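A.B. asks: Read off the chains here:
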Amino acid sequence: MNALAARRRHPAAIAILLLLGLALVGAAYSLLAPKPAQAAAPSAAAAATAEDAALGRQLFLANCATCHGLSAEGTKSGPTLIGVGAASVDFQVGTGRMPLAGPNVQAPRIEQVKYTEEQIAALAAYVASLAPGPAIPEGKEVTGETGNVALGGEIYRVNCAMCHNFAGSGGALTRGKYAPSLYGVEGKYVYEAMLTGPQSMPVFNDTNITPEGKASVIAYLNATMNQPNVGGMNLGNLGPVSEGMFIWIFGLLLMIACAFWLGQKAA
Amino acid sequence: MSTTASGRTAADLRADDTAAAAPTGNGRVAATAGWVDERTGLAKGTAYLMKKIFPDHWSFMLGEIAMYSMIICLLTGVFLSFWFVPSAGLIPYAGSYLPLQGVVMSEAYSSTLAISFDVRGGLLIRQIHHWAALMFCVAITVHMLRVFLTGAFRKPRELNWVIGTILSMLAIVEGFAGYSLPDDLLSGTGIRAAEGFIRSIPLIGSYTSYLLFGGAFPGEAIIPRLYSLHVLLLPAVLIGLFTAHIVLVFLHKHTQFPGPGRTNENVVGYPFMPVYTAKAGGFFFMVFGVLTLISALVTINPIWAYGPYDPSPVTAGAQPDWYMGFADGALRLLPGFLEFELFGFTWSMNVFLGAVALIPVIYTVAGAYPFIEAWVTGDKREHHLLDRPRNAPVRTGLGMAAFSFYVVLMLAAGNDIMAIKLSLSINDITVLFRLLVFVVPVLVFWVTKRICLSLQRHDREKVLHGRESGTIIRTADGKFFERHEDLDEFDRFKLVAFEAPAPIALEALTDANGVDAKAIKKAKRRARLSSFYFKDRVEPVSPAELAAAHHHGEHESISGGSTHAAIKHDKHND
Chain A
1 MNALAARRRH PAAIAILLLL GLALVGAAYS LLAPKPAQAA APSAAAAATA
51 EDAALGRQLF LANCATCHGL SAEGTKSGPT LIGVGAASVD FQVGTGRMPL
101 AGPNVQAPRI EQVKYTEEQI AALAAYVASL APGPAIPEGK EVTGETGNVA
151 LGGEIYRVNC AMCHNFAGSG GALTRGKYAP SLYGVEGKYV YEAMLTGPQS
201 MPVFNDTNIT PEGKASVIAY LNATMNQPNV GGMNLGNLGP VSEGMFIWIF
251 GLLLMIACAF WLGQKAA
Chain B
1 MSTTASGRTA ADLRADDTAA AAPTGNGRVA ATAGWVDERT GLAKGTAYLM
51 KKIFPDHWSF MLGEIAMYSM IICLLTGVFL SFWFVPSAGL IPYAGSYLPL
101 QGVVMSEAYS STLAISFDVR GGLLIRQIHH WAALMFCVAI TVHMLRVFLT
151 GAFRKPRELN WVIGTILSML AIVEGFAGYS LPDDLLSGTG IRAAEGFIRS
201 IPLIGSYTSY LLFGGAFPGE AIIPRLYSLH VLLLPAVLIG LFTAHIVLVF
251 LHKHTQFPGP GRTNENVVGY PFMPVYTAKA GGFFFMVFGV LTLISALVTI
301 NPIWAYGPYD PSPVTAGAQP DWYMGFADGA LRLLPGFLEF ELFGFTWSMN
351 VFLGAVALIP VIYTVAGAYP FIEAWVTGDK REHHLLDRPR NAPVRTGLGM
401 AAFSFYVVLM LAAGNDIMAI KLSLSINDIT VLFRLLVFVV PVLVFWVTKR
451 ICLSLQRHDR EKVLHGRESG TIIRTADGKF FERHEDLDEF DRFKLVAFEA
501 PAPIALEALT DANGVDAKAI KKAKRRARLS SFYFKDRVEP VSPAELAAAH
551 HHGEHESISG GSTHAAIKHD KHND
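Residue numbers (our numbering), protein chains in the order written: chain A, 1 to 267; chain B, 1 to 574.
Honestly, I wouldn't trust all of these hints.
Claimed, not checked - Sample of chain B residues with no beta-carbon within 10 Å of chain A, all distances over it, derived:
hint, residue
1, F117
2, I246
3, K279
4, P302
5, W304
6, A305
7, F337
8, P360
9, T377
10, D416
11, S423
12, I472
13, D486
14, D488
15, S531
As the list claims (entries may be wrong) - Quick list of in silico lysine-lysine cross-link-like pairs, DSS-like style, CA-CA up to 27 Å:
hint, chain 1, residue 1, chain 2, residue 2
16, A, K265, B, K253
17, B, K518, B, K380
18, B, K449, B, K535
19, B, K155, A, K265
20, A, K265, B, K52
21, A, K265, B, K494
22, B, K279, B, K253
23, B, K421, B, K524
24, B, K421, A, K114
25, B, K279, A, K177
26, B, K449, A, K265
Derived by calculation from the structure, the hints in this document are not laboratory data.
All values derive from a computational prediction rather than experimental measurement.
Glycine included, every Cβ here is placed at the ideal spot set by N, Cα and C.
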């Protein structure tokens, strides 16, 4: 205790105390933070076929109809789902955007998807049964295997980079809306997003960007996001803003530390 | 006329010169030095430099960081120029970066990719070059702040301050030229924006743009032209001005903080040789080391990810490098209604004011400040002793207010990144920044001035009553008090050695009849400004006050018999 008391006026004492405090608060938070509530999953249907539209309808009535209307005709709080197709349902529910956790400018992607694959398929089958719409894409195109990486890059830069940023890190739109990050998004969902144009995103139909073009975009994203960062840490791939912040905080701090250390040295 | 050797040495030819100390010793170094001196007469100048005294303080090294970053940029830039091809000519890419293979791109971009992927060590050198450029501008900014806040710009250094502001402005232009060269999507967008800025210049905008680009945007001329500016003209001007900057520092002698034994006539410190050659030389390698470490660990401008420029695409988060951020921020904040038509021309004040006019205006105001302050104070003396920032509260307030204005504009350039990272609306952020740009400087001025005055009062308190020791003492009759320790003379000197000028009084220029209205107006304005600067002031403790405080203490200790007696007693125990 005496040794501690003797050092309480040490110049580093405040910094150390602050760090300790931060570490303590962080640790306490990670221990005590509320965990996301696990919704009791309704018993999953065994097989999901086109005939399971009936099960889909049940799920729809129980979970979606509040906003989208009893027969998916839409209400003030949610758009109609007639004609949006299975692809749209698969995208919105499969990426955790629906069911919406709360009213907001935009539905965020959520890692914890609320439904099983069978349930999503059933929901999609139900919505597809209301009116024709884009089907869930399948095959080699959605994995990007058939795509041409260089061509995909060009398509990406012309059509996608303006909102999603050059590296797919995401970007801001007006009034709190945003183009989300594309990191860790499955090829199938990228394809569905292009096909259905969710939220603020425009629709890129097959005459706009051909299926091969879409496959190329997915191939390009796979290629660039899975390659090693040759230059080192990428600072979130956000462009010069994060670089400027880095040099002001870390660069300047290191330099001043060096200068200070050198200034303390007796000649 | 004879061309034969006369047998006279070079030293004889300079018999009139005051004798330079002949190199002593008979080592090889001395012999070489003698040989060189006999042919160049460098000994005197070198001796002058070597004996030059510099004071020691970490903040005096901020300018050095800038200097070394610039040298590092020059060195790495030479390396890059060995491979960079400044041409907009199109070729299909055939290098080793797979996602771009077969894509048609400019030679400039292709060669930058080659530097990054196919030249050994190329990516590291490119990243050092870019990080060093960012560091250069950071160091210039903080160096400028240091010089401003300590009043180092006062006579006789006003011209050097002006040179410094020009250097600072040229540095950002040089940086922008370099940023624009690789012809990736980001830099191409930057040039496109710059082209728009140039076009917003009233009347001559479009002609200037055509002149610079050699026709319509983008053309093939801009990259080679920017390259010439970036590697030839701007570095030459930068180095020339920088040399003048350093020569003036040597001529003026370095300023020093006030302290015991430090006067306006001397410099207390160590000689350049050997102390500062070692320290500064060592510091160069530290700066180089830190920048290399950063460059080896952290990506800067991943041009391969941006892809080649072509005028149709653009990327979200397209920003200039940070040093141009304030102009970009101003552009983002300016409302659109400032564009109007008059006399058959379109006046794009929504673009021109922020992106073009702001830069020279800011630097002109900065460059003019020493002259403004000198006029207000009427101070014609030389100042080689620095002010502690707290001892010039209004100047410090003004400096911080100006800097906060700059920072708000700079942050406004990142409004889109803030929007996605903080889940806010970009519109709200922009509106907020429009407000902050007016409110923050005023607030910062007021708060800074108040803090300075409080610190000054605290200094007075400390001088008069000593340092709070944190030791609580209980007297025999149960009274508690905190023991104060007297400052030693060295510490005390630092707290009392400053000037606190009073506002100038309004001089009676003429009588009521022979009015010189102009002169009176001028004098009144000056008196008002002087009052703005100096009306709130805290005077340093005078020797009389100090003696009185001590006497008061003694008196109390005798009559009260408690507090100060206890202090004295305690001290004896120590």
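A.B. asks: If a hint holds in the structure, say so; if it does not, say that too.
C.D. replies: For each hint, the structure was consulted:
With a least beta-carbon separation of about 7 Å from chain A, F117 (chain B) fails to lie farther than 10 Å from that chain, contradicting its non-interface assignment. With a least CB separation of 18 Å from chain A, I246 (chain B) remains clear of the 10 Å interface cut-off, as annotated. Not every beta carbon of chain A lies more than 10 Å from that of K279 (chain B), the smallest distance being close to 6 Å; the non-interface claim is violated. Taking the minimum C-beta to C-beta distance to chain A, about 6 Å, the non-interface status of P302 (chain B) is violated against the 10 Å cut.
With 10 Å as the threshold on Cβ separation, the claim that W304 (chain B) sits away from chain A is violated: the shortest Cβ distance comes to roughly 8 Å. Residue placement check: A305 (chain B) does not keep its beta carbon more than 10 Å from all beta carbons of chain A (closest about 5 Å). With a minimum CB-CB distance of about 18 Å to chain A, F337 (chain B) clears the 10 Å threshold, and the non-interface call stands. Annotated as non-interface, P360 (chain B) keeps its C-beta farther than 10 Å from every C-beta of chain A; the closest such distance is 22 Å.
Residue-level check passed: T377 (chain B) sits 31 Å from the nearest beta carbon of chain A, beyond 10 Å. Distance check for D416 (chain B) against chain A: the nearest CB is about 4 Å away, which does not clear 10 Å, and the non-interface claim fails. Distance check for S423 (chain B) against chain A: the nearest CB is about 7 Å away, which does not clear 10 Å, and the non-interface claim fails. With a closest Cβ-Cβ approach of about 13 Å to chain A, I472 (chain B) is found to remain outside the 10 Å limit, as its non-interface label requires.
Non-interface status of D486 (chain B) relative to chain A is upheld: no Cβ of that chain comes within 10 Å, the nearest being about 18 Å off. No Cβ of chain A approaches the Cβ of D488 (chain B) within 10 Å, the least distance being about 17 Å, so the stated non-interface status holds. Consistency note on S531 (chain B): stated as away from chain A, and its beta-carbon is indeed over 10 Å from all of that chain's, at 37 Å minimum. Our distance criterion of 27 Å between C-alpha atoms is met by K265 (chain A) and K253 (chain B), whose separation comes to about 22 Å.
For the hint pairing K518 (chain B) with K380 (chain B), the CA-to-CA distance comes to about 23 Å; that is within 27 Å, so the pair holds. Between K449 (chain B) and K535 (chain B), the direct Cα distance comes to roughly 12 Å. Compliance with the 27 Å bound is thereby established for this hinted pair. For a cut-off of 27 Å, the pair hint linking K155 (chain B) to K265 (chain A) is broken: about 31 Å separates their Cα positions. As the CA atoms of K265 (chain A) and K52 (chain B) are separated by approximately 19 Å, the hinted pair is consistent with the 27 Å bound.
With a C-alpha separation of about 21 Å, the suggested pair K265 (chain A) and K494 (chain B) falls inside the 27 Å cut-off, and the hint holds. A distance of roughly 18 Å separates the Cα atoms of K279 (chain B) and K253 (chain B); the hinted pair therefore holds under the 27 Å criterion. Pair hint K421 (chain B) plus K524 (chain B) does not hold up; C-alpha atoms about 52 Å apart against a cutoff of 27 Å. For a cut-off of 27 Å, the pair hint linking K421 (chain B) to K114 (chain A) stands: about 25 Å separates their Cα positions.
With a C-alpha separation of about 53 Å, the suggested pair K279 (chain B) and K177 (chain A) falls outside the 27 Å cut-off, and the hint is violated. Using a Cα cut-off of 27 Å, the hinted pair K449 (chain B) and K265 (chain A) is violated, with the two alpha carbons roughly 33 Å apart.
When the structure is compared with the earlier hints, violations turn up for hints 1, 3, 4, 5, 6, 10, 11, 19, 23, 25 and 26 and for no others.
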